[in-house]
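Peer 1: Listed below are the residues making up each chain.
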Amino acid sequence: ILNVEQSPQSLHVQEGDSTNFTCSFPSSNFYALHWYRWETAKSPEALFVMTLNGDEKKKGRISATLNTKEGYSYLYIKGSQPEDSATYLCAHHPSGGYQKVTFGTGTKLQVIP
Amino acid sequence: EAQVTQNPRYLITVTGKKLTVTCSQNMNHEYMSWYRQDPGLGLRQIYYSMNVEVTDKGDVPEGYKVSRKEKRNFPLILESPSPNQTSLYFCASSPYERYNEQFFGPGTRLTVL
Chain A
1 ILNVEQSPQS
11 LHVQEGDSTN
21 FTCSFPSSNF
31 YALHWYRWET
41 AKSPEALFVM
51 TLNGDEKKKG
61 RISATLNTKE
71 GYSYLYIKGS
81 QPEDSATYLC
91 AHHPSGGYQK
101 VTFGTGTKLQ
111 VIP
Chain B
114 EAQVTQNPRY
124 LITVTGKKLT
134 VTCSQNMNHE
144 YMSWYRQDPG
154 LGLRQIYYSM
164 NVEVTDKGDV
174 PEGYKVSRKE
184 KRNFPLILES
194 PSPNQTSLYF
204 CASSPYERYN
214 EQFFGPGTRL
224 TVL
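Line by line, the protein sequences are chains A and B. The first sequence begins at 1 in our numbering and counts up one residue at a time. The second sequence begins at 114 in our numbering and counts up one residue at a time.
Wrong hints could be hidden among the right ones.
[Unchecked claim] Per the computed footprint, the stretches of chain B lying under chain A, defined by three or more beta-carbons under 8 Å from a beta-carbon of chain A, are:
1) 148–160
2) 214–225
[Unchecked claim] Okay, derived cross-link-like pairs now, BS3-like style, lysine-lysine, Cα gap no bigger than 30 Å in a straight line:
3) A:Lys42 <-> B:Lys131
4) A:Lys100 <-> B:Lys184
5) B:Lys170 <-> A:Lys69
6) B:Lys170 <-> A:Lys108
7) B:Lys170 <-> A:Lys42
8) B:Lys130 <-> A:Lys100
Hint data in this document are derived by calculation from the structure and do not stem from the laboratory. In this text, a Cβ means the ideal position worked out from N, Cα and C, and glycines have one as well.
Isolated chain A (complex conformation):
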């Protein structure tokens, strides 16, 4: 993987369903992986900062895991609610930290009441 890729591009789920999406990134040269939540007409807001292989983070019904050796991270939403509707972005930071940041194109989630 040379780039940061997110799948799926978009997702429609029913309220109450659980869902997950993927962020793939270069497995070499890793410093941190961030997840952001971006609601329409607003600015992206940070959800998780993940730095170590095997990291698992949780915030309410949303959780994320990290595998730096194979270069992927999963974001899970349990019991989706309409207010979870947003675009979820991941961002890869190469080692050295303060270098270029590469964002994925995002997964747009629509939760249908």
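Chain B: place on chain A using the hints.
Peer 2: Chain B only, in chain A's frame:
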């Protein structure tokens, strides 16, 4: 209130007319960055700055300039705007100790005719 501010929020201009979009943060963050967001392409980094007087190119720097004379300010300069610079621009800042977790400004929607 801790925040990143951008001005203007909306701007319509004509080809070739120099403009500056200001960005200011009140959180004493070392790292600041500019992104543009275009449909289907996600957030792409234009320039970033690791501290005062230290700036570097992101993935799409052509046609843009930046400066970092003070820690809190990071203006984006378009010397001769062209229609392909029509986009939504975000400024973000980040403290070193948060692994580059970024705090975004509200965005500036720029249209170049």
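Peer 1: A separate judgement is required for each hint: does it hold in the structure or not?
Peer 2: Right, here's what the structure says about each hint:
| no. | hint | verdict |
| --- | --- | --- |
| 1 | 148–160 | holds (count 7) |
| 2 | 214–225 | holds (count 7) |
| 3 | A:Lys42 <-> B:Lys131 | holds, 27 Å |
| 4 | A:Lys100 <-> B:Lys184 | holds, 19 Å |
| 5 | B:Lys170 <-> A:Lys69 | holds, 28 Å |
| 6 | B:Lys170 <-> A:Lys108 | holds, 28 Å |
| 7 | B:Lys170 <-> A:Lys42 | holds, 26 Å |
| 8 | B:Lys130 <-> A:Lys100 | holds, 29 Å |
In summary, this structure violates none of the numbered hints.
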